[in-house]
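Residue numbers (our numbering), protein chains in the order written: chain A, 1 to 251; chain B, 1 to 226.
The hints are simulated quantities; they were obtained by calculation from the structure and are not laboratory data.
Predicted, not measured: the structure shown is a model, and the values here were computed from it.
Note that beta-carbon positions come from the ideal geometry of N, C-alpha and C, so glycine has one too.
Mixed in with the good hints there might be a few duds.
As the list claims (entries may be wrong) - Facing chain A, a subset of chain B residues (Cβ under 10 Å, in silico):
no. : residue
1   : L32
2   : A136
3   : A191
4   : Q197
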Amino acid sequence: MNVELDLKQVMTVLRKKWWLVALITILGTLAVGIYSTQFVKPVYKASTKLIVNSGSEIGGFKLDLNLINSNISLISTYKEIIRTPAIMDIVAEHPELGTTSDELISKIGFNSVNGTQVVTLSYADQNYKKAAKIVNEVSAVFQQEIPKIMKVDNVYLLNEADVNKQPVPFKPNSKFQVAVGFVLFLLCGIGTVLLLDFFDDTLKNAADVTAVLELPTLVAIPTIRTPKEQAGSGLSKNKKKAGETYGVTAN
Amino acid sequence: MSQLTENKKKLITDSEPKSPIAEAYRTLRTNLQYSGLDEPIRTLMITSASPREGKSTTINNLAIAYAQAECKVLLLDADMRKPTVHQAFGVSNRNGLTGVMTGHCTTDEAIQKTHVKGLSVMTAGSVPPNPAEMLASNKMDQLLSQLKDQFDLILVDTPPVLAVSDAQIMSTKCDGVLLVVKAGELKRGLALRAKEQLSFVKARLLGVVLNQVKGIEAGPYYYYGN
Chain A
1 MNVELDLKQV MTVLRKKWWL VALITILGTL AVGIYSTQFV KPVYKASTKL IVNSGSEIGG
61 FKLDLNLINS NISLISTYKE IIRTPAIMDI VAEHPELGTT SDELISKIGF NSVNGTQVVT
121 LSYADQNYKK AAKIVNEVSA VFQQEIPKIM KVDNVYLLNE ADVNKQPVPF KPNSKFQVAV
181 GFVLFLLCGI GTVLLLDFFD DTLKNAADVT AVLELPTLVA IPTIRTPKEQ AGSGLSKNKK
241 KAGETYGVTA N
Chain B
1 MSQLTENKKK LITDSEPKSP IAEAYRTLRT NLQYSGLDEP IRTLMITSAS PREGKSTTIN
61 NLAIAYAQAE CKVLLLDADM RKPTVHQAFG VSNRNGLTGV MTGHCTTDEA IQKTHVKGLS
121 VMTAGSVPPN PAEMLASNKM DQLLSQLKDQ FDLILVDTPP VLAVSDAQIM STKCDGVLLV
181 VKAGELKRGL ALRAKEQLSF VKARLLGVVL NQVKGIEAGP YYYYGN
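Bound conformation, chain B alone:
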């Protein structure tokens, strides 16, 4: 299967907005909007306990779902160890977060528009030697507050919690954290450890996105409409 069709399959909210899966992402959007009534969520981070649970797929589709609701969204790829956002949206990864942080380019240069209306992305840029320090720096705080002025919502993609400390660091800078759990894959112990790691730095865990739920478990609403 070519890279293009593979990406299209993953951006299902864009390619098949009427599909049940796209509907699921809209449900997620709605539930997030309600969970942030008192304290509006302006920066939302997505992570998982272990790799390959569907963080990037979730964040890409959620970003599109927000954009479809006429929200000005920036998708920030803070997974500098294994960046994927540029691949998913088919944009260049030359200027990105690393470039901004090291002063090689301006914020505006690093922000790229996508084919989805209202959705911009800032890719990760070249892989730096010290991602954790970069995310922990004051410059990161400044960048986030600057971006908050420009966008309604910033979605942040991060590495898995249990692999590196990046997600823990970013979670202290974001209003809310979503934990993606691949159904039938993630062991209870690992899930608990991931939650503890995030709770330790006082991250605001909004809830869990249960990903790749199969058949019966997915429930009947899967088949609603055509």
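Okay, chain A solo, but in the shape it has when bound:
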């Protein structure tokens, strides 16, 4: 068997089994679509912004690059501090949030914005109101506790999450998922068809007969179909090629 992939051959195989590719693609995409719209509950994300900025004790308007850099470095430290029970236990003490400190630690997001002193705290939940309340509470506790832990008072809240906002689901992103699903299942379908053809060990055409049996194919007889069936197949399409005797080798 010739393992080398001949593009023309691949196209022929795909053309012959295009329905299988289409079937796999459509079913797969449909499944992804149904799954992401019906079964995955939407998740909402609420966020607050904090700024880490010490230097107020120096007083006056003086921007010190070293100070800014040390603030930025502090963000990494804060990132770890916020994920400790030292902060989260206090947040979890609020019964109305209905959450534990472990859950908070795993679900809280803490991202500094590209080398700035601004930090985004985020929390994702199926209930937007809950997420917003939690993230606000975390920010408040964090701001409150940091001076006690670090002995510096340099965390300020820039904005709170708006509890009454009309939320847009942060995930699932159905359109994106369907698009990715479509591409994946299309490739999957093409792969399946090519693989099936690769493992198809039967003699299919005159070329196979020549290659395997080393015998001439005297004639290729089409499948016998009733005249009604024949009328349905592309008569005009092939007329221009009439006269060729494909698969017939005069020996």
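With chain A fixed as given, assemble chain B onto it according to the hints.
Relative to chain A, chain B alone:
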């Protein structure tokens, strides 16, 4: 579907001589005539590797195609295990090859004319207990040479090569062998084994008839003319 229409569909060379499929059988006839230029083929055997690949359909239609070319043809059903020729042409299977071999009837009694001009058939007759021995006997040789005097061409239908040894035996007595291969069905390994079996007894394999080729593979000539 009734047996009659089913048979008619299979004898397409007779029922629809202008159809592309009938044309394919005529192409086969032409190619066979050219492949036997040096050594004219007087006895041609058709077999396949496995059952249901279209041996009988091929041989019936090829026989009609030869008859249409004003050739005096005898279609001999040597597939005594599963005879079909009598069904295809709607003739009696009372006297046939078995009858001739066992001496129950004469050769002339066993040869029956069909509705196709120039085409006679000798059916298989009743199923004997020892088909392989019967085909291998000297009497079979005598019968074939006698038939060669009466007909221009004898087409012999046989069982599949890989199933029983009948086809191997007959192939040594025939001028040429055609292997029918059902496209997209027959595995390469089986095809090779069938070829080896025939080559082993030094059969003259003329070529392959690729049967039931679908759509694209069949090629554009399928649609030539109306």
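Hints, verified against the model:
1. L32: The hint holds - L32(B) has a Cβ within 10 Å of chain A, the shortest such distance being about 7 Å.
2. A136: With a minimum Cβ separation of about 25 Å from chain A (threshold 10 Å), the hint on A136(B) is violated.
3. A191: 6 Å, holds
4. Q197: 12 Å, violated
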